[in-house]
Each structure stands twice: as structure tokens, then as C-alpha cells.
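Guided by the hints, dock chains W and H onto chain L, whose structure is given.
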Amino acid sequence: MKLISDRNPVVVNLTNYLAMNFGANALLAIGASPIMSFYDKEMEDLVGIADALVINIGCLDDAQIAGMRVAAAAAQRLGKPWVLDPVGVGASAARTETAVELITKYHPTIVRCNASEIMVLHGTACKTRGVDSAEPVEKARACAREFAAQHGCVVAVSGAVDYITDGVREAHCDKGSPLMAKVTTMGCCASAVCAAFAAVLPPFEAAAGAMELMGTAGEAAASRSCGTGSLAVNFIDELSLVP
Amino acid sequence: MKLISDRNPVVVNLTNYLAMNFGANALLAIGASPIMSFYDKEMEDLVGIADALVINIGCLDDAQIAGMRVAAAAAQRLGKPWVLDPVGVGASAARTETAVELITKYHPTIVRCNASEIMVLHGTACKTRGVDSAEPVEKARACAREFAAQHGCVVAVSGAVDYITDGVREAHCDKGSPLMAKVTTMGCCASAVCAAFAAVLPPFEAAAGAMELMGTAGEAAASRSCGTGSLAVNFIDELSLVP
Amino acid sequence: MKLISDRNPVVVNLTNYLAMNFGANALLAIGASPIMSFYDKEMEDLVGIADALVINIGCLDDAQIAGMRVAAAAAQRLGKPWVLDPVGVGASAARTETAVELITKYHPTIVRCNASEIMVLHGTACKTRGVDSAEPVEKARACAREFAAQHGCVVAVSGAVDYITDGVREAHCDKGSPLMAKVTTMGCCASAVCAAFAAVLPPFEAAAGAMELMGTAGEAAASRSCGTGSLAVNFIDELSLVP
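Residue numbers (my numbering), protein chains in the order written: chain L, 1 to 243; chain W, 1 to 243; chain H, 1 to 243.
If you're looking for bench data, these hints aren't it; they were derived computationally from the structure. Wrong hints could be hidden among the right ones.
In silico DSS-like cross-links for lysine-lysine, where the CA-CA straight-line distance does not exceed 25 Å [stated by the list, open to error]:
no., chain 1, residue 1, chain 2, residue 2
1, L, Lys-80, L, Lys-2
2, H, Lys-105, H, Lys-41
3, L, Lys-41, W, Lys-2
4, H, Lys-80, H, Lys-2
5, L, Lys-139, L, Lys-41
6, W, Lys-175, W, Lys-2
7, H, Lys-41, W, Lys-41
8, H, Lys-41, H, Lys-2
9, W, Lys-41, W, Lys-105
10, L, Lys-41, H, Lys-41
11, W, Lys-175, W, Lys-139
12, H, Lys-80, H, Lys-139
13, H, Lys-2, H, Lys-175
14, H, Lys-105, W, Lys-105
15, L, Lys-105, W, Lys-41
16, L, Lys-41, H, Lys-175
17, W, Lys-41, W, Lys-2
18, L, Lys-2, L, Lys-41
Beta-carbon label-pair distances, calculated as ranges [to be verified]:
no., chain 1, residue 1, chain 2, residue 2, range
19, H, Cys-226, L, Lys-2, 17 to 27 Å
20, H, Glu-138, W, Gly-48, 57 to 67 Å
21, L, Pro-178, H, Val-100, 43 to 53 Å
22, L, Thr-216, H, Gly-79, 51 to 61 Å
For glycine and all other residues, C-beta sits at the position ideal for the given N, C-alpha and C.
Excised from the complex, chain L in its bound form (with noise of 0.2 Å):
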């Protein structure tokens, strides 16, 4: 999409392995310049010619913590917009140990989660399943406005009507289709395309135009898909086709 291509961003992905081929082919099918990879000892040189960072907590590990930690730092140190994707906060005490440390340490430009995460991340008690959520949008919507103001950042929560904060301002997307959620690292997509979209508008337009695109594509691509599978793949085509 032209609002993205012009700018061809550099968009760095420290994510989790799953979430890697398919965040990047949506990265390059609007645009974007996706590079992909945690390891510490490069992060600097990488956030330094990055647009924009995402941080994703899907699958941890020692060498994937070292790169997020010095991803955020540099991130932050030079000004560069950055995206956390909390996945699965509350399902294990090393997911919410490292959330919590990135969040407080480092201040992310855009958290966005679904609602069990939110609702973890805010304190609140919530139903948690492993990496799905139990919890409806609407239930999490208070703990995100509360969370963005108490954080200073923008807050996008992924369901049936996508939630987008910046403490004051609200935003809703109730486009989509429920498939979206029985498609792998769906969520993870959303995070790489905010990032995408956060280094060419502020963090609030960003996030929730960032959102309207992946509902606007899901539904076109579930509207003439036969399952799950021909969904991911349609997906993809539907985002490269935005002009």
C-alpha cells in the first residue's frame, strides 16, 4: 500500500519462530522492509537502520531475551517507534517477568494483545489459555485505557471488534472475520504491521490504521476461502493487493 511503500520502512522483527515467514511476507506485501532477528549482538546496528522494532514474547529463550533487551534500549535511546506483542503474559512466570521488565524499562510505543493479556499486564484477575484468549474485548477495554495513560503509550487489542487506546482517545474496528483467530501468529501479523504503520503515522493513528487494514484484509480473504489454510495464504494476497 502506497502509504507504506513510499516509505519502503525497515521494520526490525525480534520475534518468536512461528511468527517469522509469515510477518514477513505480510511486511513486504505492503511495502515494508522486514529483517528478522534476536541476536543481542547485532541489535544495535539493526535497530540503528531500523523505521521501527517489534518485540514479540512468543517463544523465549536466554539468547531471544539478550536480543530484546538490548532491541528495546536502543529503540528507546534513539527515539524509534516500537511495538511489544506480550503473547501468552500470564501463561508462564517467564513471559510475565520479561513483559513486565520490557514495559517498565524500556516504554513501548504500542502494546498490542488480545484481551487476557491486557487484562494480565493491568493487574486485573482474567481466564487465561495458554495463548489464546478467554476473555471478550469488552471486559479489557477499562484496563487498557488505564494501562496507556498509566504507560504513556497506545494500547491495540486484537477480537470480535478490535480496541484501540491511547488512554483518551478510542478507536473500534468490528471488521474481519472470526477465521482470523484459527490462523497462526494472525495476532503476530497485526504487531509487525502496527510497527509498519507506526514509522510513517503517530502511534495512535498508526495502531488503529494498522488494525483496519488486517480486518479489511481478513474479511476480503474469508469471504472467498475454504478453510483455514487457503485463509493465511488469501491473506497475504489481499494485503499485497492494497494499492
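Just chains W and H now, with coordinates in the frame of chain L:
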């Protein structure tokens, strides 16, 4: 499929990097909730919330092996079903040692493998060529039966005709397509599906049901695919369409 | 394809996480037998049974670099052909140092790269933007020829018109589609296909044949794809249909 989706079991996958995305999509398609991780420091937590576990040795490294030990020990202690996929055992000493250690110390519920792999584990001389089987399933049946009886587990051997045994009972599945062997991680996917079934059925019935589903979906997908790329996509579609 | 499948060469891929699945499917589609691993403790064993090796620096970390050293040394000692894909060399010091070490110590048979990458390796000032080339192939031809002559290897530069040289001979391939650059790891896939060809042909003929196959399959796939998602799928289909 209703059998799985009614329970929506959490399946923790400690698997190789290639298999993560395809396996997660297969598990989502049938109604399970996959978590992909190999981080030793969160394996206690994750196996604690899991209904079943898969350990796949397709891409070993020290970090993965550390995670495997914690995960398998937790599954054994908590009495949770776990599936071992001994990818390429025999191709390197590291693979053989890791598989043997996991079997003898932590007693997998189901071993899902190909003919060469069960022959290696059984100690029978056989041809191996990397990670693809060089032997027909027929030749491996006696090995599988003896191995299952000796280790008190179920063995499911994939091939032209799949063979499932608990050392006494036997099941066969002649569904599927030879093209399935040309889609990478199709066997790893079978192991993940076995784990989802093992969360809702006893081990022998689980392995037989999983191989039947793999064969049925693969055969249907192959009948409308013009190559191995579309076969992978259509296979996930077929899984997602099972009532 | 018969040229490859008659030998069914084992190709060991020490590659980045994004490229593993797509590359393995491409190798299976043309009749090779891929193994994906980067574990230093099994690299001696795996290269011992390999007919060719690929080393791709797309997602570096300490574990991968350790594996690369053992694998490249084994390939050199055993006289097995190996392909280096110096993804994003120049984007970070770590990538440049790793690529230079592998080239000077272990002498790759084929270097498969883009225009920016060969210019960086040659020491020529050029524009780089992350992992995507910022220079046309034409500008890199002299660099490629000199580099090939100096290092006694074949260089294959991907672009609108691919350029292959051993320092004396030259080949060109103008097949393909500009959309191929929008599918992630298409270049990594070309490197894997180069390795499969290098298992059955001399290096220059291998690289030229591999790039020709990539271009032919990519062009056919693009002609029937409605976006970059389906292009990736159709590309594997096309590879699997070559007689």
C-alpha cells in the same frame, strides 16, 4: 472437529523450527489450542496448564534439549500424555542419544515416527538417509510391536500404510497420498495431532484416530491439489472442515 | 525433477528460521532430501551423510555461528560442495564478520546473494537497506567476477536478470517475476536449490541450472497468482511439477 474442539485441549509443542507454524495451524484447525515453546525456564508452568505435550527432536540444540528434559519430566510427574517424534534418529549421535534418554527416563505415551526411525530405536540394522525413511513400514512392524511392549507405550509408524500398536493390539490406516511425504513436517504434524487426540482419548485410540484423520484429510487434499505447495494449504483446509 | 530425484541428494541446510519450511518444501519438490539443523554437536555427522550443504546467515546467533564453523570445516575437509548465502551482509558488523570468516577460512563452492551483498563482500561502496538489495545486478557484475576469480568460487547474483560467474565464464537468466522479491526467503530458497544442483553438477553449471529453474518456476507461478501469498504456494507447486 467436535471430538477435539469440545475440550479445546492445550497442546504444548516443543518442536523443530520448521514444524511450528504448520503444526500450530493444524492444531487450531481441529479445535486444539497450541503453545509452541522450548524454554526450559517456563516448561514447568506450560506443562502444568497443558492437556498434552509433544517433543520433536527435528532441530536439536542445547537450549532445546534443556527444555525437553524439563518438559518430559513434568509430563511424567503430572501424568500428562506426551508424544515423542524422534525425527532423524540414527542420522547423528546427538539425535540417537537424545531420543534414547527421553524414552528411557521419561517414558513417552506415544512414539510417532517412520519405519527407519523405529528400527533404529529398536536396535535393528536398517537403511537411514537423513530424516526420510529408507525402509517400508511392513519391515518395521515387528520392531514397533516389540518396542511398544518393552516400553509400555503406543507406537505409530507413518508410511504408505500406517501401523499403530501398543504391543498387543494393532491398527492399520491405508488412507493418505504418497504426495504427503513431499510436504515438509507432515510427519511432525501427525505427532502434534496425536497429542491433541491423546488429550481426549486413551493412547492407542488416540494414535489410531489421529493417523486416520491425517490420512483422510491428506487424501482429500491431494485429490484437489496440483502440486505439493497447494497440498500443504489444502490439507489445513481439510482439517478445518471436519465436523 | 529427474536430474535431482534420480540421485535424491541429502542437502543439509544450516539456515535462518524463516527459510527452513519454504526451503525444505522446495528441496522435497525437486527430489532432494533436506535436513535442517544448526547444532554444532551433530554437524560432523550430518555433513558426513550430506551430498551438499547450505549455510545462510539470515538469523545469526551464537549457537548458529558455532554450527556454521563445524559444518563449513567438515564440508571443506570432506570435499563436499557448499553454498554460502550471506543474507544482509553489511547490515551489521556480526553479519559481515561471520560471512568474511566463512569465506576466507572455509572457501564456499558457490556464493548466492543479491547485488548489494556481493558489493559489500567485494569491498565496493554501495547502498544497503537491511536484507533487501538497494543496487541493480548490472552494477555488481564486475564485483562478482573479481570476487569469484579471487576466491575460486562461483558467484550467483539474483535480480531482475540473474548473473552467474566463476570469474571467467558468465551466464545470465532473465526469467522470473518482480513479484518474487516480495516473497520472503525466495533468495534463501535459490541458495538451497543451488546446493541440490551442486550435488549432481559442477559448481558453475549447478548455479546456472538452479537460477534457471528458480526463474522458470517463479515466472510460471506468477502468471497464475493473484498476490504474493498464492505466489509462494504456486511456486512450490511449479517446482514439484517439473519433469
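Status of each hint after checking the structure:
| no. | hint | in the structure |
| --- | --- | --- |
| 1 | L:Lys-80 - L:Lys-2 | 22 Å, holds |
| 2 | H:Lys-105 - H:Lys-41 | 20 Å, holds |
| 3 | L:Lys-41 - W:Lys-2 | 47 Å, violated |
| 4 | H:Lys-80 - H:Lys-2 | 22 Å, holds |
| 5 | L:Lys-139 - L:Lys-41 | 41 Å, violated |
| 6 | W:Lys-175 - W:Lys-2 | 21 Å, holds |
| 7 | H:Lys-41 - W:Lys-41 | 23 Å, holds |
| 8 | H:Lys-41 - H:Lys-2 | 34 Å, violated |
| 9 | W:Lys-41 - W:Lys-105 | 20 Å, holds |
| 10 | L:Lys-41 - H:Lys-41 | 23 Å, holds |
| 11 | W:Lys-175 - W:Lys-139 | 19 Å, holds |
| 12 | H:Lys-80 - H:Lys-139 | 31 Å, violated |
| 13 | H:Lys-2 - H:Lys-175 | 21 Å, holds |
| 14 | H:Lys-105 - W:Lys-105 | 42 Å, violated |
| 15 | L:Lys-105 - W:Lys-41 | 22 Å, holds |
| 16 | L:Lys-41 - H:Lys-175 | 38 Å, violated |
| 17 | W:Lys-41 - W:Lys-2 | 34 Å, violated |
| 18 | L:Lys-2 - L:Lys-41 | 34 Å, violated |
| 19 | H:Cys-226 - L:Lys-2: 17 to 27 Å | 19 Å, holds |
| 20 | H:Glu-138 - W:Gly-48: 57 to 67 Å | 59 Å, holds |
| 21 | L:Pro-178 - H:Val-100: 43 to 53 Å | 50 Å, holds |
| 22 | L:Thr-216 - H:Gly-79: 51 to 61 Å | 55 Å, holds |
Violated hints for the displayed structure, listed by number in ascending order: 3, 5, 8, 12, 14, 16, 17, 18.
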